[in-house]
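Taking our numbering, the leading residue of the sequence shown gets 1, the next gets one more, and so forth.
Check the hints yourself; a few may be wrong.
Each pair of labels, with its calculated beta carbon distance range [claimed, not checked]: (1) Glu276 to Asn201: 50 to 56 Å; (2) Ala256 to Lys90: 23 to 29 Å; (3) Glu251 to Gln28: 32 to 38 Å.
I should point out that these hints are in silico values taken from the structure, not numbers from a laboratory. Note that the coordinates shown come from a computational prediction; the quantities given were computed from them, not determined experimentally. A virtual CB, placed ideally from N, CA and C, is assigned to each residue, including glycine.
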Amino acid sequence: MRFIKMHGIGNDYVYIDCFQETVADPAQLAVRMSDRHFGIGGDGLILIMPSAVADARMRMFNADGSEAQMCGNGIRCVAKYVYEAGIARKPELAIETLAGILRLQLFTAEGMVEKVRVNMGMPRLRRQDIPMLGEGERVLGEKLTAGGREFEVTCVSMGNPHCVIYVDDVAQFPVGQYGPLLEHHPQFPQRTNVEWVEWLNRREIRQRTWERGTGETLACGTGACAATVASILNGKTERAVTVHLVGGDLEIEWAADNHVYMTGPAVEVFRGEWPEWPE
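Take these sequences, add in the hints, and give me the full structure.
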């Protein structure tokens, strides 16, 4: 089975072209391929598939085998492959995901995709759309306790759930200690991604992410979008922000049309063949 390893600012996935390959059990394959010691290594598995309603369809599986609705960094790499493989050689693409059909603008040089701008759609701010248990229409600066520590959280869905928390020094914050506690907090019936955000100025924030089903990653595109929306709602930033993540930077804008736009790179690392040996 042939695969491609790609990343968006360090958020790395194994990609399989299901126009050519067949994957019988993607959840199990995601666990095996994502293993950084005994597999290829990655934050998960993404299948690039035919679609009846878009240029291609994307299915994403976390490193633990759970299926997620969407991945902002991953979809940029899907667009890169769809364009460069000739599946749809167009400057603008539509990709079907569990979070809906997303539209992407490609920036190319010498026939190769270098950067992608994604219309991530409208953020969902109602508590029931996160989803999160509790009272109140929105979750804005709400107190939540985990591991004996009280946090103020703002929650946003970008097609997947995000819990945004502001800290003074994100580099020193014990993400590995509190990440799993918040991911599995009983207030989140479908678990949640968690973003720790350090405010820098009106146009810049710094972020670390604990991803649901994977753990801490170098970057999270939907998380950067959620953190930007949360920062605007809390009066901390302008509507266009540079988000500094461990793996690199993303440009995020919550535009006047209420859609969130994410711009960032897409990079191919290598290609290979996965041996279909019995376990």
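Consistency of the hints with the structure:
1. At about 51 Å, the CB distance of Glu276 to Asn201 agrees with the hint of 50 to 56 Å.
2. Roughly 26 Å separates the CB atoms of Ala256 and Lys90, a value that falls within the hinted 23 to 29 Å.
3. At about 36 Å, the CB distance of Glu251 to Gln28 agrees with the hint of 32 to 38 Å.
When held up to the earlier numbered hints, the structure conflicts with none and fits them all.
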